[in-house]
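Asks: For reference, the chains in residue letters:
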Amino acid sequence: MGTVAAHGLCKSFGKVQALDGVTLDVPDGSFFVVLGPSGAGKTTTLRAIAGLEKLDAGSVHLDGRDATGDAPAARDLAMVFQNYALYPRHTAYENIASPLRARRRSSSEIAAAVERMSNLLHIDRLLQRRPAQLSGGEMQRVALARALVRSPRAFLMDEPLTNLDLKLRVEMRTELTRIHRSLGATFVYVTNDQVEALSMADQVAVLKEGTVQQVGTPTEVYERPANRWVAGFVGSPPISLLACRAEGDRLVGAQGWTLPRPRWSTAENGRELLLGLRAEDLSVEQRGNTSLSGELYGLEPLGDRTVVDVRVGTEMLKVKARPTVAGTPGERLHVTVDLDRAHLFDADTGLSLSRAGR
Amino acid sequence: MAVSVDEAVSTVPARDRPRPTRRLGGRGRSLVEVALLTVLAVLMLFPVLWMIETSIKENRDVYAVPAEFFGFTVTMEHFKDVFVGPDGGRSALSVAFLNSAVVAGVSTLLATVLGVPAAWAYSRFAVKARKDQLFFILSTRFMPPVVVVIPIFLMYRQVGLIDSKLGLILIYTAFNVPFTIWMMKGFVDEVPAEYEDAAMLDGYTRLQAFRRFTLPLLVPGIAATAVFALIFSWNEFVFAIFLTSSDSVRTAPPAIAGLIGGTTTDWGLVAAASVVFALPVLVFAYLVRKHLVAGVTLGAVRR
Ligand SMILES: Nc1ncnc2c1ncn2[C@@H]1O[C@H](COP(=O)(O)OP(=O)(O)O)[C@@H](O)[C@H]1O
Ligand SMILES: [Mg+2]
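Sequence order for the protein chains is A and B. When we follow the working numbering, the leftmost residue of the first sequence carries the number 1, and every step to the right adds one. When we follow the working numbering, the leftmost residue of the second sequence carries the number 1001, and every step to the right adds one.
Chain A on its own, in the form it takes in the complex:
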């Protein structure tokens, strides 16, 4: 068992409202990712669940039992800290053994557990070193081993891969997913990297300025963002947003273009809207009549694809294209729009107007 339920968490530091009513329900055994930019309150959320932060309001239930006032040690959680927090005077071995020592396990049991962990995370050769003698990636694996060495109710991980170089980060992503599957344990995983969130999560909670914007599967968050902010934060290259208005069966852009109005949109006439278009739902090849005209602004070759920046009036569209695409800046072109996959947001509230279940 390992459910974590945080309800209405509020926490302020002086004038900064770090958490403003954060509610998360983490099912047993899930890989639950909290995604948000730096300063969104991700670390504070984890620390609140761990019992390291005294809350202004809200409750934390672990396995259905109210644990709001419990000491960290009583919550039976393990945490990987954003900057590892390895004990500087202790060897890697002693760092990993620490949770077992605190529980007064026998030294033979500890030795066996540490060995198992060091094999799993490939740190057998590093066990006698101190943190100062380890590289960032090695420290990160020791910190993971210290958390994974016992079987707590849930694992809390605070951006454990952020400080690694790209290659190691991609490797560790796969490794962590594998570990999660083999343990079947509950993971609450914090990151500011949307690729990490989309690739690893069973469920994602998107956090911004201490409030949860949306909770859902990676597909839901990507395909049906709850508001323009989530749409902009999740996805790379970022979604393009064009100002427009609904008029009858047409969408009239602020830059003078018109498109047929999607059948699913619910906005009334005259309402100020934002049309959200992801790069992969746009094409520089002309087909059909749902297209926008603009001029080529620049090309970003990314190897497997090229992102074409197209200027429509004063607004910018990012269009995904084949790597072989060519063109000169200033050249006029037409961008075909897949309107069935487009998003509409209220320009004032930013909330999605796309029909649920589309």
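Treat the hints as calculated values from the structure; they're not laboratory data. If you're wondering where the values come from, they're calculated on a predicted model, not measured in any experiment. Don't take each hint at face value.
What the hints assert, rightly or not - A few chain A positions that, by computed beta-carbon distances, are all more than 12 Å from chain B: (1) Pro37; (2) Val80; (3) Ala143; (4) His180; (5) Gly184; (6) Thr217; (7) Pro237.
Claimed, not checked - Label-pair ranges, simulated between beta-carbon atoms: (8) Glu268/A to Arg1206/B: 54 to 60 Å; (9) Val16/A to Gln1133/B: 21 to 27 Å; (10) Val1293/B to Ser182/A: 48 to 54 Å; (11) Leu1287/B to Asp63/A: 50 to 56 Å.
Ideal Cβ positions, reconstructed from N, Cα and C, are used throughout, including at glycine.
On the provided structure of chain A, position chain B with the ligands as indicated by the hints.
Replies: Below, chain B with the ligands without anything else, positioned relative to chain A:
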């Protein structure tokens, strides 16, 4: 010079670390530098040198005119007199030294035992009106001992602490606790709180986390702070002379001062007693010098 905690507490002995290169490019010091430093050293060290010389001269050589720097008869009589009384038993001075050791040692220990946890609490917890509390604690040190000695004297007489070692221990502790809290808070602030957080998630209680993971990192700071507290208590004169009178309670500073005056002054004995008085602090500071340097530079650098 900024020193990080990891550096200051690293296991690498200080002497193995590369020394900062000298500005003058390794050719040693210039002639002017040497001359100026010599003058300074003579000025500063002359009283010390004279004290040591006087302590090993025979009494008639002490008064010799012109003064003899070399070639006098060396005697250890004065040092014997410091410890052995005229009747062959313990001298009053040796009792005073013992009293000083007890009073300075116990008051430093108390100040450390009380001050370190307090500093930790002020550093780690959201104490209400923390700044005001810390300022209040510091304000108790605003007045020099001589200003408060009369009221303390009157209070001590009321409660029967006058002329007792306990009285001195208490007043020295009261003077050293604020200092310890302030100095130690700087050191605790330098140790990331996350070590304790991690330890609590490992399953330790908050106090265990402090004791096992933070306290060992504070040892240099504690050593530095304790040395300063010890030096204050060991050297303290004003309270000692006002609050104590009998030989069995008196500490060394008033006891040595008491040797001067009267019809004749045994300068040899005064000098020998002063040498004995100066030695423990020197030895102690030498023993903890590594921690002391790390500690003092650490405490001085505030983020
Ligand atoms: N101990 C603290 N004291 C003051 N402000 C803090 C503290 N911890 C966090 N904050 C503030 O709370 C907000 C959220 O911080 P944090 O939870 O660390 O964000 P994240 O982990 O998402 O980057 C930030 O604005 C941060 O400056
Ligand atoms: Mg953080």
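Asks: State for each hint whether it applies.
Replies: A quick look at each hint next to the structure:
{"no.": "1", "hint": "Pro37", "verdict": "holds (22 Å)"}
{"no.": "2", "hint": "Val80", "verdict": "violated (9 Å)"}
{"no.": "3", "hint": "Ala143", "verdict": "violated (9 Å)"}
{"no.": "4", "hint": "His180", "verdict": "holds (19 Å)"}
{"no.": "5", "hint": "Gly184", "verdict": "holds (21 Å)"}
{"no.": "6", "hint": "Thr217", "verdict": "holds (29 Å)"}
{"no.": "7", "hint": "Pro237", "verdict": "holds (36 Å)"}
{"no.": "8", "hint": "Glu268/A to Arg1206/B: 54 to 60 Å", "verdict": "holds (58 Å)"}
{"no.": "9", "hint": "Val16/A to Gln1133/B: 21 to 27 Å", "verdict": "holds (23 Å)"}
{"no.": "10", "hint": "Val1293/B to Ser182/A: 48 to 54 Å", "verdict": "holds (51 Å)"}
{"no.": "11", "hint": "Leu1287/B to Asp63/A: 50 to 56 Å", "verdict": "holds (54 Å)"}
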